[in-house]
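Chemist: Hints are included, so try docking the two chains, each in its own frame, into the full complex.
Those sequence lines, one after another, are chains D and V.
Each residue of the first sequence is one higher than the one before, starting from 1 at the first, in this note's numbering.
Each residue of the second sequence is one higher than the one before, starting from 1 at the first, in this note's numbering.
If you are wondering where the hints come from, they were derived from the structure by calculation, not from laboratory data.
Computed from a prediction, not measured in an experiment: that's the story for all the values here.
All C-beta atoms in this analysis are idealised placements derived from N, C-alpha and C, irrespective of residue type, glycine included.
Computed Cβ-Cβ distance ranges for the label pairs, DEER-style:
no., chain 1, residue 1, chain 2, residue 2, range
1, V, 467, D, 47, 46 to 56 Å
2, D, 68, V, 191, 32 to 42 Å
3, D, 48, V, 51, 53 to 63 Å
4, D, 86, V, 311, 18 to 28 Å
5, V, 50, D, 54, 49 to 59 Å
6, V, 51, D, 86, 56 to 66 Å
7, D, 76, V, 8, 52 to 62 Å
8, V, 475, D, 76, 33 to 43 Å
9, D, 86, V, 196, 38 to 48 Å
10, V, 191, D, 54, 39 to 49 Å
11, V, 132, D, 68, 33 to 43 Å
12, D, 40, V, 261, 44 to 54 Å
13, D, 76, V, 151, 34 to 44 Å
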Amino acid sequence: MIDPVEMQDFFAAFFSGALVIVFGAIYALFLAWGRLRGSRNFIAAAYGVYALLVIAVLVLAEAMHFDGFWNLITVVMLVGYLLAPHGIWLLSRDTHNEAEAKFNSD
Amino acid sequence: MLGVLDNNNLNGGQKLAVKYFSVAVILFVAQILFGLIAGMQFIMPDLFFNVLDFNVTRMVHINAMVVWLLMGFMGSIYWLLEDEAGVETVGLKLGNLAFWLLTSAVTVVVLVYLFIQVGPGDDFTRWFVNEGREYIEAPRWADIGIVVCMLIFFYNAAATFMKGRWSGISGVLILDLVALAGIYLAGMFYTTNISVDQFWWWWVIHLWVEATWEVLVGCIMAWGLIKLLGARRQIVTTWLYIEVALMFGSGILGLGHHYFWIGTPEYWLSIGGFFSALEPVPLVAMVVHSVYDSGAHKFKAANHPAMAWLIAHTFGNFFGAGVWGFMHTLPQINLYTHGTQWTASHGHLAFFGAYATIVIAVFYIAVQQWRGGVWMSGGLAGNGWKWKWALGLLNGGVLGMTMALLIAGYEQSFIERAIEGSTWQGYFVAQVHPWFIQGMNWRMVFGVVTAMGIVLLVWDLLTIGKGENRAKQEV
Ligand code: HEM
Ligand code: HEM
Ligand SMILES: [Fe+2]
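Extracted from the complex, chain V is given alone in its bound form (with noise of 0.2 Å):
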């Protein structure tokens, strides 16, 4: 029936995949929690001292977001792959038996960052508590088993095209899974020597965000441009081999911007400079080709909100990835931002922008068909303003951390770095300076903002299309 959440309207793959979303929504409201707590510390400093330290708020921060966003693109594979095979999913229950051992996984793994926060590093903790490198400090026992969830949802998909048919997006789905797989096995050893270790942790946090994940949320929007406005695979497809040419071509030895200052030899200055001057083209040249697209067709989209959302992602990938991330690429500038809050001011817009966006707009495609393929065009009830306010407050909240940690950020280039030279006192004397105070304290008042707007976007996505009777518009 129309407007009611029913499995039945989704396939055997869908139904898995909305089990993944919604564990990925909760880990983006418990990210922007410890968001909050973590910025309130920059405030009040002995805010949860000894209880709920800084250096736990952040990387559950950081941990639940890296989860949720790979959860939301597992989620969203499993959403397309049977449309885009033509069969059924191979080998679902093993599928299902992977969520909930990841999902319990990323339970423990949180309760024990959150009960144990303090002693000395051993062989066990690495095991057990914490493997460190930011990002993805899951200790080694999580780390394997996240290994053979990966495997199984790898088999899910892989198996399920062989069996049905290819096409050019699943066929660049598959390899970069591959790359994306393969590249979390460099983050997964112990080294003494801390250049060795950073040098690989880079090829995990790097070769990700600015490789793998663009290529994997390029596959997504080449197939949600399909669904929503009905363009023609055939144009899609070519400009995602496009993309991958380019993405891949500069982003790959881009690697070096961050090897920078970590002890590696110095042709890295001219490597890093040089391919990650380069990686913002591909995102320029995705301007062209969305130009093409609207101006040489009248469209209808089949979802308003979703479409929304694909176009904050083109948007933020630009300023997020493209301009943020260029204007503090060069070693000339890095000297001085580098690991500021400048970084965070990045940090922030790229990961939100590109990535979080395409995620929600998944989210949205998803509720429409789990109420049975209603109406998500214009004239929604209320005139849709939930989640129009959801994201203007989102993007709006988001916009504004942006400004605020790159203003904190420039302080500290400027004081700590250029005229303190990069000294214990230097870093002092920047974080009193009332620019940085102000900073914080501004960057709380768009977190708040941002908070306001995750909560109305959960009740938006509970509730959206209930009791609709109008079904989708077709494209």
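Extracted from the complex, chain D is given alone in its bound form (with noise of 0.2 Å):
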């Protein structure tokens, strides 16, 4: 069923398991950032950490021996990473405009 993290690759497990997160939160700061600004450079920044991010996923696949079954959180955490950012950005941004349509009306 699971094919556990040999030894001398432990420390590959931790640290690219914690560079996922923190890479995600970066790149999802950079993407919001952008947009925000309108800056391009911050986009391009966000897809580099995005790139990192993707390095930082298949490390930690190949120190936890992903296969299988195992291979569907490798696939989600690809697209969850770089999709969700987007999805909460367009979210926050109509509700702002809501918000502020409303506020201005009253």
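Modeler: The structure is reproduced here in structure tokens:
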């Protein structure tokens, strides 16, 4: 069912795991900031960080010996971290616009 | 009058809230004291042997934590109740009675813990001494008392909203309280099968901290942002709904990460691994939202210490729960880290970072109002050195302990688990390894830093805003 991490891969497993989450947040941060400021540089940097996230996910998947069902986690992480910040950003923007419109008309 | 602690500055619910907050602060101090003793017992194993054994100091340490956080949450809800509902608290007399009941029950339970430490366990001890089940060891009579007090608390909150007005925040809050209290019942019955026992016990612990408590502090945060920054209600409410969906969507089945090795069926490996891998998603999503909010408006904060603690909460939640949680949540690695100091490292950063911080933020909101709504933005007396140092020492102390425990836990997973194959001998080999010993020493060093932080925090809470004659910053 699972094929545990090899002893020599402990560090890779922990470190890449931490980096997945940290890069996920930095990517989200740069993306939101870039969109907000209309800054292409920040958007570009965001995708740069996403590329690092991809590496971290792959290292993690390797260290964890993912196969079969477990590959699903790899895919969900790659797609999820890419798209979720876009989704949240759209939601934030729309609720802000609505609230602003309502506020201004009050 | 501005700058003077005066109950006339508080509404009915808030008067009760500050009682809860006072007991919470006392228990927080007790938690730290017992933590210091428990930590010392790793270094001097015979310290207080047969007087105050490790099992007791540890138990008081973590039970005090659970109770002070719960009391902090209850106080926070009494605090915002009238404001949010627009009417006076319904059934306040009963609420006050519940406060005294709960406080006396906690006192008796702790005294019994301290004085009756050894002996055979049977039906009597289960009812009157200790029920087992880490974090919620209170004996059954106290369990029942706690449930009664919770019902009264729930009645106060629900009836007040029913009489006044509902909002998105109060709707989420009330539903969440039903879940939070209902789950507690899962930890109250007796079974002789340890796997079954653990199965249900985790419902309380995991479904509290990774689902219902997260949503509860989400409600407090939403309300806090409206009060402190003048954030617009519709925005924070929409955000709250998303957060609830993400938290419950991943957190409920994330429960499976505690069912890897307790004798539950093997499919939990996949369920727990998959869903708990998703648990950091809401924490990452919050980042986008907070950037959007802080960038889209120029905010003035009405209470700098509270705001700083809310920021500490956002980071603490992200790192303690999100990063530290994820690092050991897949069974492929949890096989080695399970129950080592790794777990304690995560436990400290997550509980402090996600929960202690936000309750402390509400303490500051409360003292501000208690002193008549005084100024607590920039340019405080002494440049606000006390709150700033308390913030720095507490966060730095807990972070330092977290790193020390991480190193000790890494060594344990490596030596005790991987090399020695989880044997009895392996346990001792790992305990005498220099990395472990140094980890325990450094934990004490940073424990003392944390303790200095709490001394300053209490001092500051008692004195901040004293004699201040400016009214609070409008938002
Ligand atoms: C604020 C939220 C959280 C708090 C307060 C918290 C706290 C804790 C505590 C105290 C324990 C130790 C329980 C024991 O005594 O055995 C624990 C265990 C654990 N936590 Fe969390 N946690 C949180 C969120 C998370 C998240 C989001 C994840 C995963 C992404 C996670 C993964 C784990 C795992 C896998 C264990 C089991 C460790 C072991 O096998 O020994 N936690 N948590
Ligand atoms: C002076 C500071 C502190 C010291 C010296 C300390 C020490 C300890 C010790 C020795 C244990 C037992 C660990 C074991 O069984 O191996 C423990 C457990 C625990 N402490 Fe603390 N602690 C401190 C502060 C805190 C704070 C501020 C929090 C959170 C608000 C906290 C939350 C916990 C939790 C959740 C556990 C159970 C962890 C687990 O079972 O994995 N502690 N602490
Ligand atoms: Fe959990």
